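Work out the full structure: start from the sequences and follow the hints.
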Amino acid sequence: MNKKKKQNIIYTVSDFTKELKTLFEEMYSFIWITGEISNLIIPRSGHVYFSLKDSHCIISCVMFRTQNKRLKFNFENGMQITGMARLSIYEPRGSYQLIFEYVELKGAGSSQTAFEQLKKNLFNKGFFDEKNKKPIPSLPSKISIITSPTGAVVKDIINISQRRFENIFLEIVPVKVQGKDAEYEIVKAFENVNMFSKSDVIILARGGGSLEDLSAFNSEKVAMAVYASKIPVISGIGHETDYTICDFTADLRAPTPSAAAELAVPEKKDLKKNIDLLRTNLINNFKKNILFLFQRVLDLKIRLKNPETIIDDMRLTLEDLEYRMTNQLKKKLNFHKYELNWIKNSLYANNPEKKILKLKKDIQNLTNKTKLIMNLIIKQCKAENNQQKAKLNTLSPINVLNRGYSITRKYPQMNIVKDSKMIKKGARLEVILKKGKLLCQVEKNE
Amino acid sequence: MSKKNFKELISQLEEIVKELESGELSLENALKKFEKGIKYASLCNEKLDEAEKKVSLLIKDNKGNFKEKVFNNE
Amino acid sequence: MSKKNFKELISQLEEIVKELESGELSLENALKKFEKGIKYASLCNEKLDEAEKKVSLLIKDNKGNFKEKVFNNE
Amino acid sequence: MSKKNFKELISQLEEIVKELESGELSLENALKKFEKGIKYASLCNEKLDEAEKKVSLLIKDNKGNFKEKVFNNE
Amino acid sequence: MSKKNFKELISQLEEIVKELESGELSLENALKKFEKGIKYASLCNEKLDEAEKKVSLLIKDNKGNFKEKVFNNE
Amino acid sequence: MSKKNFKELISQLEEIVKELESGELSLENALKKFEKGIKYASLCNEKLDEAEKKVSLLIKDNKGNFKEKVFNNE
Amino acid sequence: MSKKNFKELISQLEEIVKELESGELSLENALKKFEKGIKYASLCNEKLDEAEKKVSLLIKDNKGNFKEKVFNNE
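Protein chains in written order, with the numbering used here: chain V, 1 to 446; chain U, 1001 to 1074; chain H, 2001 to 2074; chain X, 3001 to 3074; chain L, 4001 to 4074; chain G, 5001 to 5074; chain C, 6001 to 6074.
No wet-lab data here; the hints were simulated from the structure. Computed from a predicted structure; not experimentally measured. You can trust all of the hints, since none of them are fake.
From the structure, some residues in chain V lie toward chain G, with a derived Cβ separation under 10 Å:
no.	residue
1	P352
2	K355
3	K360
4	M374
In this text, a Cβ means the ideal position worked out from N, Cα and C, and glycines have one as well.
In structure tokens, the structure reads:
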């Protein structure tokens, strides 16, 4: 039903082989096969390797030493054999082979033939099918033992069981294990146990004996009783080499009765040990988990980065910014100071004092010039006046006096006397000489 | 839970041990599992001691009724 | 917050650790995250402590009270 | 102004520093900016102080608890 | 006149210096300008002094607060 | 007459010089002009003296202040 | 007659000189003119003396003031 699904899967070689192995080994865990032996090899290990063939096909086979030891004949090439085998797929090579559990020569005695026929018959009915086999409980609360109540077998089973699990509950179901009643009693015992006993497992046991001694265990009725039992059955019949129909039918075959007890009853101390181990593991594993989680929390806690480093970084940034800001402002202030100083110096350098001095000089110059010109003007005027004065002097009418002349003028009229007649006696006259003037009075007019 | 048989209990216990070993469980789950595991282990131990030591004999009496008789080993 | 399970707490703690490690958080966020981280870590520890207590109780119970419980369970 | 977060404050402070460094501010503006800058810086410092206090408190609290617990666990 | 900012004062001062340098001013104008220049320069000085005082006050305040806080935090 | 500014005074003084130089003035006029010129020159000198006083006062006052202030700032 | 200015006086003097030079004057007239001329010349002299005095007075005044002032300014 998973076919469609499986077609979509891409297997790895290993996965596919594993799946085949599981599938086929389960499907062919128990088959009967017949053929001719060839390519027989028996190395020192004692395992027997051979091929089984018929006219068309060939299969590789092996029979391990333990099974091989029970054989009543030796292998030879060309022998026709019939045997019980399980299919095994050998993963590393992808090959398959048959592992034989049981082999017999083809064409053995008649009882053997009847045995074979019954076996084949029951096999065909599915009596031996692995899928019909019930699981054996790991801890049976009660074990029913169908066997003869006398003899070593039952003692062995009881001893072994109690040694392994001291408080085990055993129920002996006494039956005859040989003779003509044996078959009936065994079948009845199965019925009774299934009906009345609250057992978890049944051990069907008998000591070793001939094929005839074991005939009850090779009977179809007993096989059917075993097969029909709802309680799982462990067979422990005869010796290791004895294979009865019951063995094939039982849910588990033990090679001997003692072995059956061992298979049915677990060692209590092992179970205890196992439980203790599991409990210890449980506790340890859980503690490991807790410790791991503690460690993880601790690790995370250690890793939980404390923001102090962030704060420190921020502080550095902040300090840098503050420094830069303050520095910049101080620089600016200094710059403005120098700027101002420079301008101030220029201002002082250009103060109006120089201008004032120059203007003063200008004024002085102008003043000097004015004075100079004024003096010049006055000088000129003087010169002009002097010139006129000199001219006047040269033209002075008095100059004739130098030669002895004199000028007479009537006084006070001051008109010049040119005619004596115009003068009466007693008149006063002014006479201007070269040097000085005379004031005279006329005494006589001639 | 007590109806689980020993094998189931053991395998569940094993399962739990494995799960805890994997370390993939959440703390809460691990705790639950652990509790369960402890319980299972204790149940297992109980089961080991449950049975009563005896060997009986299953026989029919005269009336054809089954009778349990102590088996005399000797 | 205590209703978060351990896994959620620890994964949130991890998230916080990573965020803080990335160095990309603002001061305020880093502070908040750190506080949260501390809280989560301590909650985680509490949960683990609880778990441990419970476990040791279970173990003790089981050993000490083993018989009693077996009796009660039946 | 105190509602600005640290990053905003720092970036505004950076802005101011840049403006001052550009040399293009008038004296009066530069002064105003500087005053603002100093204010921002002092706010930043306050925030950092607060944050530091909080962190050291958280650490102190937590380390105390933590060691005790670790000790108990062993 | 004190409402002019530093830059205006400085540029007017520069203007005055130029005019004085040109030598084209009348005596009376030169005198007035010089007087004005002196006044402006002293205003500039005042402004710078104020600015410096303010700055050193702000810095002191800021550092004062800061150190105090740092001290308190320890 | 003292309300004339320096430039007017000086140009009038120059005018007078020119007129005197022209030689066209009568003695009396020349005398009058001369008197005027001398007066103007003296007015100019007064103005210059005043200006000088003022300037040296401004310089003295301001340099004093200035140096003191620079010293404090350092 | 003293109200005549220097130039009128000089030109009348010149007139007299010319008349005297012409030789056409009667002695009486000539005498009169001559006398007038002498008078005029002497008037001119007076005027010139006055002018000189005034000038030197003005100059003295001016220089005195000037030097005094210069001295005070230093």
